[in-house]
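Colleague: The hints should help you fit chains R, E, B and V onto chain X, whose structure is shown.
Protein sequence lines correspond, in order, to chains X, R, E, B and V.
Everything in the first sequence is counted per the numbering used here, starting at 6 for the first residue and increasing by one.
Everything in the second sequence is counted per the numbering used here, starting at 6 for the first residue and increasing by one.
Everything in the third sequence is counted per the numbering used here, starting at 6 for the first residue and increasing by one.
Everything in the fourth sequence is counted per the numbering used here, starting at 6 for the first residue and increasing by one.
Everything in the fifth sequence is counted per the numbering used here, starting at 6 for the first residue and increasing by one.
Warning: the hint list may mix true and false statements.
One copy or any two copies: either way a pair holds, since identical chains are not told apart in the list.
[To be verified] Derived pair list, reagent style DSSO-like, types lysine-lysine, alpha-carbon separation capped at 27 Å:
1. K167 / K65
2. K91 / K260
3. K361 / K202
4. K132 / K360
5. K361 / K132
6. K167 / K88
7. K260 / K88
8. K205 / K132
9. K205 / K260
10. K49 / K361
11. K205 / K360
12. K65 / K360
13. K202 / K88
14. K91 / K167
15. K241 / K88
16. K202 / K132
17. K205 / K358
18. K144 / K260
19. K65 / K49
20. K205 / K361
21. K358 / K167
22. K65 / K202
23. K260 / K241
24. K132 / K49
Everything labelled a hint here was simulated from the structure, so no lab data went into it.
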Amino acid sequence: MVKRITQSLRRPKMKSVNQPPGTVTYVGRKESGETSLEVIDYNKENYERHISSSTEDAFKFEAEDRITWFNIDGLSNTAEIEKLGKYYDLHPLIIEDIVNTTQRPKIDEYEDYLFIVAKMLYHQDDKLVNEHISFVLGKDYVLTFQEAGGDVFDGVRGRLEKAYGRIRTNGSDYLVFALLDAIVDHYFLVVDELSEKVEKLEEQLFESQPSDDITYEIQDLKRAILRVRRAVFPLKEVISRFQNLENDLIKTRTKNYINDLHDHILQVSENIDLYREMAWGLMDMYMTTISNKMNEVMKVLTIMASIFIPLTFIAGIYGMNFEYIPELQWEYSYFVLWGVMIVIFLLMIYYFKRKKWL
Amino acid sequence: MVKRITQSLRRPKMKSVNQPPGTVTYVGRKESGETSLEVIDYNKENYERHISSSTEDAFKFEAEDRITWFNIDGLSNTAEIEKLGKYYDLHPLIIEDIVNTTQRPKIDEYEDYLFIVAKMLYHQDDKLVNEHISFVLGKDYVLTFQEAGGDVFDGVRGRLEKAYGRIRTNGSDYLVFALLDAIVDHYFLVVDELSEKVEKLEEQLFESQPSDDITYEIQDLKRAILRVRRAVFPLKEVISRFQNLENDLIKTRTKNYINDLHDHILQVSENIDLYREMAWGLMDMYMTTISNKMNEVMKVLTIMASIFIPLTFIAGIYGMNFEYIPELQWEYSYFVLWGVMIVIFLLMIYYFKRKKWL
Amino acid sequence: MVKRITQSLRRPKMKSVNQPPGTVTYVGRKESGETSLEVIDYNKENYERHISSSTEDAFKFEAEDRITWFNIDGLSNTAEIEKLGKYYDLHPLIIEDIVNTTQRPKIDEYEDYLFIVAKMLYHQDDKLVNEHISFVLGKDYVLTFQEAGGDVFDGVRGRLEKAYGRIRTNGSDYLVFALLDAIVDHYFLVVDELSEKVEKLEEQLFESQPSDDITYEIQDLKRAILRVRRAVFPLKEVISRFQNLENDLIKTRTKNYINDLHDHILQVSENIDLYREMAWGLMDMYMTTISNKMNEVMKVLTIMASIFIPLTFIAGIYGMNFEYIPELQWEYSYFVLWGVMIVIFLLMIYYFKRKKWL
Amino acid sequence: MVKRITQSLRRPKMKSVNQPPGTVTYVGRKESGETSLEVIDYNKENYERHISSSTEDAFKFEAEDRITWFNIDGLSNTAEIEKLGKYYDLHPLIIEDIVNTTQRPKIDEYEDYLFIVAKMLYHQDDKLVNEHISFVLGKDYVLTFQEAGGDVFDGVRGRLEKAYGRIRTNGSDYLVFALLDAIVDHYFLVVDELSEKVEKLEEQLFESQPSDDITYEIQDLKRAILRVRRAVFPLKEVISRFQNLENDLIKTRTKNYINDLHDHILQVSENIDLYREMAWGLMDMYMTTISNKMNEVMKVLTIMASIFIPLTFIAGIYGMNFEYIPELQWEYSYFVLWGVMIVIFLLMIYYFKRKKWL
Amino acid sequence: MVKRITQSLRRPKMKSVNQPPGTVTYVGRKESGETSLEVIDYNKENYERHISSSTEDAFKFEAEDRITWFNIDGLSNTAEIEKLGKYYDLHPLIIEDIVNTTQRPKIDEYEDYLFIVAKMLYHQDDKLVNEHISFVLGKDYVLTFQEAGGDVFDGVRGRLEKAYGRIRTNGSDYLVFALLDAIVDHYFLVVDELSEKVEKLEEQLFESQPSDDITYEIQDLKRAILRVRRAVFPLKEVISRFQNLENDLIKTRTKNYINDLHDHILQVSENIDLYREMAWGLMDMYMTTISNKMNEVMKVLTIMASIFIPLTFIAGIYGMNFEYIPELQWEYSYFVLWGVMIVIFLLMIYYFKRKKWL
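Chain X extracted, bound-state conformation (with noise of 0.2 Å):
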């Protein structure tokens, strides 16, 4: 059987029906298991790091006059994120998304704070994740809720304990800004491994004998390209949106770096659709490999056929038992007999040279 890209890739069912909108219900993968909190609290000069595993405890470690960034992982305890929501003075439909992992890529502007919603795709125990991602932005603090343990941010982590580059002078923007490059760098990732599997696929297909499963292989592989698609493509439109936006929280030195994270996104949703066609024309290649293959077997049997069976024919005129025959009393009818036959025999296989089909 044929190992699939796709099953990690799988989202489950959507949003249970018949609730108000609002409610808060945890839809994802069973396996998300505890939520565990993360505190950072940083500015020039200094730099703190918690983990905590009630809400009420995390918010003792804010500090003023620094920038606090608070890291959910599991959504299941919709507690306690509804008190932290309660705290930030969220919006019920913020918290409804954020612990909606069906929700798609999206960028939305409240008064004090900007909501935005992503998808992580990195790769945990060889596997493929797409984890949802929900992100607010405030003055001094940010918020990201993450399905699961796991992420893309240790290098954004590091950058900050060791003061490492501008991510520590600049502010809760900036901070924002590098979780959706790490985000979309990580794409570029994933994106890669599927040009792999196209260029993988393709050499499997120049030699002369693919095997049958890699047409199973290349619908996999397309379904595999269309939902990375699907969980990329909507992030053009959210970074689109997060650089034009006229908004306060956004300093305009940040600007300039949200133009170079379009531009990622840009392209690798430009690499995408490449890899898209190109696996699309594999099936083609596919296709005529086997139209060739058919092609080949027919012309063997078509010799062998076309060959023998005269022959045979002859050979079946001489078994008959008429009385009178006379070529079967003349001594070399015999011979005679095998000269016509390999006379025919030649002239079978000439006409088959000409005809290129040998």
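Modeller: Okay, now just chains R, E, B and V, sitting in the frame of chain X:
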């Protein structure tokens, strides 16, 4: 015979020709039967629900300081609907669109009210129903006109009765939003069903022996997706216009909810297009499956014929009745011939093995 | 031979080259015959209808305080049309477009009148007719120029005569709307016919033995859809511009009706594209049908050949005339051989059963 | 060998690389030969036409108060064209575009003149010619530069000479309109030819025995349509910009004519896309034709083999030389066997009849 | 094995993940080797050119009142590039994009300079090279950063040295235009090569015996076109924005040239899409070629089998050893049988002739 999903989705014929515009002719499913009226009167403190079969009766339930939701099931009794239209001063074209079940989703702004047409997709008795529904949103009333009994609003009714969520404290615009939200939520269910169908067919194609009927099932699925798409896609534009309307009927606090609704309809649309592309891919997979099977059939034929036709020819040679065939007299001819035949047989097998046909 | 729908839809050749623009040359179906004139004069109280064959006669029917609808059937008598054009002061380019039946639908705004070109699709003597029609909408007159007798306006004529609906109380703009509405209503009929054709062909493909002609029928249907599409789609833009025109000729109360008309033309267009996609799908279905049939043919051949070719070989062995074939003398050889053959036969059957070819 | 339409449509290679922009290098068909100049001077009352071979000669024909149309045939003599360019103060980039016959259609607005590039498609000596043409529209002059002798302007010349229509009374803008109109009118001729080709091929496919060359003819037609499309489509935008230009060179009364021209180019474009889609459909039809033929061939083979292979096996049985075959001695064996064979034969025929293969 | 065009077009992997934005990491072809610097200083009267290997050396060549073109070949020595960036005060994101050779074409406007990224396509040692190039356009300087030695700018260098054309009298904006123009001119060469490849493959398909490798060549061509398209298309937007920029760096007189450049890039893009569509069509042609060949093979088999299988059956009949076969004794049986066989043979030939299989 294949059971088709689409049968119940087929729309009746268009409105009758040669009628002046604004003519109120019921065009719809024959079985829609009796017209029944349901009046729900509510404000923050009170809630009343009445069922009636005559419009005049219904009017008396209307109370002051309350929002009135007037729900009509069954459109064949056009007289009652015209009475209602007169009472609420509806434009004749609106009445025409209410009873013309082929009308596509749209939104029209009139002086005192908004008029919205949509399609409900839901399951009833294991069949997928595509039901025409119209909304009239006034300052303190909402009229809904459904083609037949049965709808997707039980959740909304429950929340109204139990004052659950914000529904009793918000205005008529929120009620229309809640009803549209219920419709879109049910689209998700329908789309999930399509996705399961896609995956089921895919599983069958992964097996080596899909039934021949699968081509009709794929076509039927493609058609079902096209029809669902046609019911859903125009609503995207309707909700987008609903979202951007500058109209006193829609309060600011409801806007966020409509934004959210717009996100959902976009998500449904994207899903539909994803499954559509997958369904189209199924046909390709099926074609390669057929070609592969034909290839296999041809190989079996070619191998059998290529091995036995030459051997039969050799046997035919020594079945000839010539008087002078020297080999016939030699004692070991028969055994030597068996040897030759076995060698030929093995060479053929080797040849086919090397060609990877065996 | 297959009867083709499209034949009657084919347009004549384009206007003759090397003529100055504004040259009035009739380009159309030869059979359009005589030009006949119909004048309908009406206001709220009065209604008169005259048939005449000369323009001069017709002018005298015009009465004050009334709307005049001047309908010309047959465009080959260009002199009469030019006379009319002079009377109403029409721009030469309009006259050219009136008699050039290949002109695509359009709307042009002139100082004192609007000029609209459309295509009527309707059935006449069991043939689908694609007839060129032009409208000139003035303050108190409407001119319509039709390629030939027979049209889709009998419903409008009836309502005018019997003062049914709003048609006698509204102005010339409402009359043009009513005529366009009649045209669009007939599009629905044509599209319904296409949908029935699609479904009929589909039924045939669901049967196991569609005739070979079906491929021509599908192609013909595809072509018919393309041609209908080409007659209908430009009108979408025309009506959209008609709807948004800031022009005193179009009264506010007519706007709602034109909105409605725009909805209808959108709906026709969507239906056409739906049936178009279905028609394209039919070809795919047919191809898989052929492939399936070929597969079945090949299986029968392979089974017959694979069973009997080896058996014939065995029979051939013992038909050889070697003097020393030990088996020939043994008394039970014949019966043993039958046994062996039956075993081989059964093994083959079992093999094909397991491969699900039987 | 198939005669290809497209050969004469192929464009020469692009302008030579490593030249500074504005370099005047002739890039075109080698056979364009001599440059010849034609000067037409006209106003309402007067008309003069001169042919000359040197630019200096030509200038002296220019008269006051008249419109001068300066038409150059042949672009290889770049010196003469540069002289003309200096005289009329043309920008160097214009001169480059005039002689670069690969330049796509465009319109450029300069201070004192408009520059328009288009492609003429017409028949010359039974070949379809794609000729590069440039227009310079000044206040009282029009310059046209053609790649070679022969054009589509004889109708315009005739109307100028005979003062037929409005051409002598309107300005230079009307002349450019008239010339573009002549070009677009000839597009209709070319498109009609394509449509006839589509229909001819379709007729051939309707016959049961299309030649194998038809696939090349279809491909050639598809290519021809692509090339015509490429010559025609950019002009659509050019005329649309021409129509909307706010420029004193274009008088109001000419606007209506340009509108009309825009309608025509839209119509040509729609026709091209219609025939394009039909041409693509032809390939599908051809593929099903091939598949149907193959199906028929296979059926004949299968029927013949399925009937005679078992019968031959039976005959083979009784050709064996076993000493104890009881049937051989029985007097009626031979006749009974014939009976059995005829029964088998009839059963096979019945089986194939029921499968509708016969 | 098929030589593939695309191999040299493949881009390296994306920039390394987990780096802060603005990190200067070289991502490119390993062989880019040494960094070399070329400084060209010029004004109307003077011209100087220096080659240096250190940035500091290079700075001293800069003279007043002149335009300086600073060209860097080789991006792996990031330290030198950062030095240059500091000298010209370039934003860190620009430096990152300069050395990230996977960056797609773009244009960014900064306060004192414009930043443009493009891709050069040209031939070097018979291989198609896709080289990353960045431009910084300042008031009196132009910086160009190339991935490796070798470029398409020799024509520009020659015109600078020999003061040919307008290049020495116009500003830095004209120089950037001239360099971009050289890049686009080379696109034409690449596209011409693709067009020749398309035509070569087409010729091969027109022959009756295209090699089986042609399917890989077609796929390779399709891929090459996709990759060239991806290098070229984003530049279309870049030049369009360059054209419409309101920026003091771009003088009015340069605008006309940029317009012209925009025309050229549009033309390249159209050509690419034309050849793309043709390349897609090649696959269809190949499929019909295969089908036609298979058809022919099948006909030969069917004819041979249909003629000789029945005749062999007849011979088998009279090879049976029944004791009572009356025909065997009759003297002329053998000759009559030959007659019967010849008649059957001729009937079969006639049948196949009538079916046009022969």
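Colleague: All hints are to be evaluated individually against the structure, with a verdict given for each.
Modeller: Evaluation of the provided hints:
1. K167 / K65: within (24 Å within a copy, 38 Å between copies)
2. K91 / K260: between (30 Å within a copy, 21 Å between copies)
3. K361 / K202: between (36 Å within a copy, 25 Å between copies)
4. K132 / K360: neither (52 Å within a copy, 36 Å between copies)
5. K361 / K132: neither (49 Å within a copy, 34 Å between copies)
6. K167 / K88: between (32 Å within a copy, 25 Å between copies)
7. K260 / K88: between (33 Å within a copy, 25 Å between copies)
8. K205 / K132: both (19 Å within a copy, 23 Å between copies)
9. K205 / K260: Answer is neither; intra-copy 40 Å and inter-copy 47 Å both fail.
10. K49 / K361: neither (78 Å within a copy, 68 Å between copies)
11. K205 / K360: between (35 Å within a copy, 23 Å between copies)
12. K65 / K360: Neither: 87 Å inside a chain and 71 Å across chains, both beyond 27 Å.
13. K202 / K88: Result: close neither inside a copy nor across copies, 45 Å intra and 40 Å inter.
14. K91 / K167: between (33 Å within a copy, 24 Å between copies)
15. K241 / K88: Answer is neither; intra-copy 32 Å and inter-copy 34 Å both fail.
16. K202 / K132: Both ways: K202 and K132 sit 15 Å apart in one copy and 25 Å across, limit 27 Å.
17. K205 / K358: between (36 Å within a copy, 26 Å between copies)
18. K144 / K260: both (16 Å within a copy, 24 Å between copies)
19. K65 / K49: within (21 Å within a copy, 39 Å between copies)
20. K205 / K361: Answer is between: at 21 Å across copies they meet the 27 Å cutoff, but 32 Å inside does not.
21. K358 / K167: neither (75 Å within a copy, 64 Å between copies)
22. K65 / K202: Classified as neither; 49 Å inside a copy, 51 Å across copies.
23. K260 / K241: Both. Shortest intra-copy (16 Å) and inter-copy (24 Å) distances satisfy the 27 Å Cα cut-off.
24. K132 / K49: neither (38 Å within a copy, 51 Å between copies)
The structure is inconsistent with the numbered hints 4, 5, 9, 10, 12, 13, 15, 21, 22 and 24, although it conforms to all the rest.
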